[in-house]
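J.: Produce the entire structure from the sequences given, and follow the hints as far as they go.
Protein chains: 4
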Amino acid sequence: MMHQHYESCIEACNDCANACDMCAAACLQEDDVKMMARCIALDIDCAQLCRLAAAMMARGSEAAKLVCEACVSLCDMCAEECGKHQMQHCQECAAACRKCAAECRQMASA
Amino acid sequence: MMHQHYESCIEACNDCANACDMCAAACLQEDDVKMMARCIALDIDCAQLCRLAAAMMARGSEAAKLVCEACVSLCDMCAEECGKHQMQHCQECAAACRKCAAECRQMASA
Amino acid sequence: MMHQHYESCIEACNDCANACDMCAAACLQEDDVKMMARCIALDIDCAQLCRLAAAMMARGSEAAKLVCEACVSLCDMCAEECGKHQMQHCQECAAACRKCAAECRQMASA
Amino acid sequence: MMHQHYESCIEACNDCANACDMCAAACLQEDDVKMMARCIALDIDCAQLCRLAAAMMARGSEAAKLVCEACVSLCDMCAEECGKHQMQHCQECAAACRKCAAECRQMASA
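Residue numbers (UniProt numbering), protein chains in the order written: chain A, 1 to 110; chain B, 1 to 110; chain C, 1 to 110; chain D, 1 to 110.
There's no promise every hint is true.
The list treats identical chains as interchangeable, and a pair is accepted whether it falls inside one copy or across any two copies.
Lysine to aspartate or glutamate pairs mimicking DMTMM-like chemistry, simulated, CA-CA at most 25 Å apart [unchecked claim]:
{"no.": "1", "residue 1": "LYS84", "residue 2": "ASP15"}
{"no.": "2", "residue 1": "LYS99", "residue 2": "ASP32"}
{"no.": "3", "residue 1": "LYS65", "residue 2": "GLU30"}
{"no.": "4", "residue 1": "LYS84", "residue 2": "GLU30"}
{"no.": "5", "residue 1": "LYS65", "residue 2": "GLU7"}
{"no.": "6", "residue 1": "LYS34", "residue 2": "GLU11"}
{"no.": "7", "residue 1": "LYS99", "residue 2": "ASP31"}
{"no.": "8", "residue 1": "LYS84", "residue 2": "GLU62"}
{"no.": "9", "residue 1": "LYS84", "residue 2": "GLU69"}
{"no.": "10", "residue 1": "LYS65", "residue 2": "ASP32"}
{"no.": "11", "residue 1": "LYS99", "residue 2": "GLU80"}
{"no.": "12", "residue 1": "LYS34", "residue 2": "GLU69"}
{"no.": "13", "residue 1": "LYS65", "residue 2": "GLU80"}
{"no.": "14", "residue 1": "LYS34", "residue 2": "GLU62"}
{"no.": "15", "residue 1": "LYS99", "residue 2": "ASP76"}
{"no.": "16", "residue 1": "LYS99", "residue 2": "GLU11"}
Since the hints were derived computationally from the structure, they do not count as laboratory data.
T.: See below:
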């Protein structure tokens with residue numbers, strides 16, 4: 001399978017990773033950081049896994065589906081947590097996670 | 001769940017990642033690199049996923065099991081491919097992958 | 001310093017990482033893999049460093065400049081090596097590396 | 001240069017990455033998370049850069065010194081910040097960062 005097939009999923013993974021990293025940093029600057037602790041933890045996890053998924057798809061790796069499957073679950077978790085908070089960085093992150101989960105779900109089942 | 005529970009699995013993941021990265025570089029210096037192409041590709045994938053698994057366990061992440069499950073499959077694949085080649089770096093890498101797969105399997109089912 | 005300032009550099013880093021990962025995988029499928037060994041090694045290094053730079057800029061990290069400085073040097077090395085080979089994946093990778101080096105150079109000196 | 005030369009530096013980088021990831025997660029569980037915000041941010045940065053340095057040394061990369069140099073600076077920053085806090089996870093992390101900085105400094109100047 002060639003990387004061209006993955007183009008939109010790679011883009012969704014990179015966008016999601018950026019949104020998660022931005023959200024983690026912004027959460028750390030909130031007044032009530034304690035309330036954001038789970039959001040920060042999931043953001044960091046999700047950003048790292050999404051960047052790995054992008055790398056493996058770009059290499060056309062035979063293990064790319066495996067990692068995208070894990071991405072679906074983690075993006076779903078992160079979207080749910082971020083979705084609970086009204087800050088713009090959380091809402092944007094939740095949207096990026098949902099989009100990435102949808103792309104990875106499709107990719108993993110292709 | 002605390003990271004202390006993960007200590008031996010984190011060590012196995014870091015050892016496996018080191019062995020995979022070393023094997024990839026050594027394969028690239030072999031006379032017949034072409035024969036080692038799949039080994040190199042799986043080594044790089046496996047090293048990256050193992051380092052991520054170690055990071056997530058060290059953080060006591062709620063998604064650590066998810067990533068360790070993916071690690072089991074990829075370590076099994078990498079161990080099988082490396083096991084076909086007689087070079088010391090491949091045999092050592094295969095052994096590290098098998099150990100890491102066993103640790104991650106136990107961790108993911110705990 | 002906010003991540004918005006980094007937007008074009010983050011994009012250049014992600015694009016470069018994708019191009020490097022794609023190039024590494026394509027080089028491994030070439031008939032004369034041996035000739036591509038250094039290209040593959042630098043591609044993998046450069047992809048990993050660029051993805052880290054993107055992550056650190058997205059988090060507005062105080063160490064982002066430090067990593068972007070290292071990125072400049074590695075992107076220059078990778079661009080030079082890839083530029084020696086006529087395959088499309090190498091030429092595209094060289095171009096992405098040059099663009100990323102320029103963005104990181106500007107970012108690191110800002 | 002072969003990876004064997006790097007063995008103690010690779011180990012210091014992996015140990016430092018583990019300590020930083022553990023410290024970040026523990027800081028997020030502290031009562032006064034706000035006070036730990038910079039520590040968390042530097043921990044995550046330092047963990048990621050140390051894992052990359054380990055990977056590049058394990059591959060005997062020609063860019064390993066470059067990344068180890070960046071590691072010295074970031075480990076120094078992280079050690080200083082962690083050293084300000086009396087919690088065991090911060091003190092252990094500061095010690096691991098200092099050891100890693102020393103190993104990377106030696107490696108980068110070899």
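J.: Now look at each hint and say whether the structure bears it out.
T.: Evaluation of the provided hints:
1. LYS84 / ASP15: within (20 Å within a copy, 32 Å between copies)
2. LYS99 / ASP32: neither (28 Å within a copy, 34 Å between copies)
3. LYS65 / GLU30: Between copies only: 24 Å across, 36 Å inside.
4. LYS84 / GLU30: both (15 Å within a copy, 22 Å between copies)
5. LYS65 / GLU7: within (14 Å within a copy, 28 Å between copies)
6. LYS34 / GLU11: neither (32 Å within a copy, 31 Å between copies)
7. LYS99 / ASP31: neither (29 Å within a copy, 34 Å between copies)
8. LYS84 / GLU62: Between copies only: 18 Å across chains, 36 Å inside a chain, cut-off 25 Å.
9. LYS84 / GLU69: within (24 Å within a copy, 28 Å between copies)
10. LYS65 / ASP32: Neither. Shortest intra-copy (38 Å) and inter-copy (28 Å) distances fail the 25 Å Cα cut-off.
11. LYS99 / GLU80: Result: close within a single copy only, 13 Å intra versus 35 Å inter.
12. LYS34 / GLU69: Result: close neither inside a copy nor across copies, 30 Å intra and 30 Å inter.
13. LYS65 / GLU80: Both. Shortest intra-copy (23 Å) and inter-copy (19 Å) distances satisfy the 25 Å Cα cut-off.
14. LYS34 / GLU62: Close across copies (17 Å), not inside one copy (40 Å); limit 25 Å.
15. LYS99 / ASP76: For LYS99 and ASP76, the Cα distance is within 25 Å only inside one copy (10 Å; across copies 31 Å).
16. LYS99 / GLU11: For LYS99 and GLU11, both the intra-copy (10 Å) and inter-copy (18 Å) Cα distances are at most 25 Å.
Violation of the numbered hints given earlier is confined to hints 2, 6, 7, 10 and 12; the remaining hints are satisfied by the structure.
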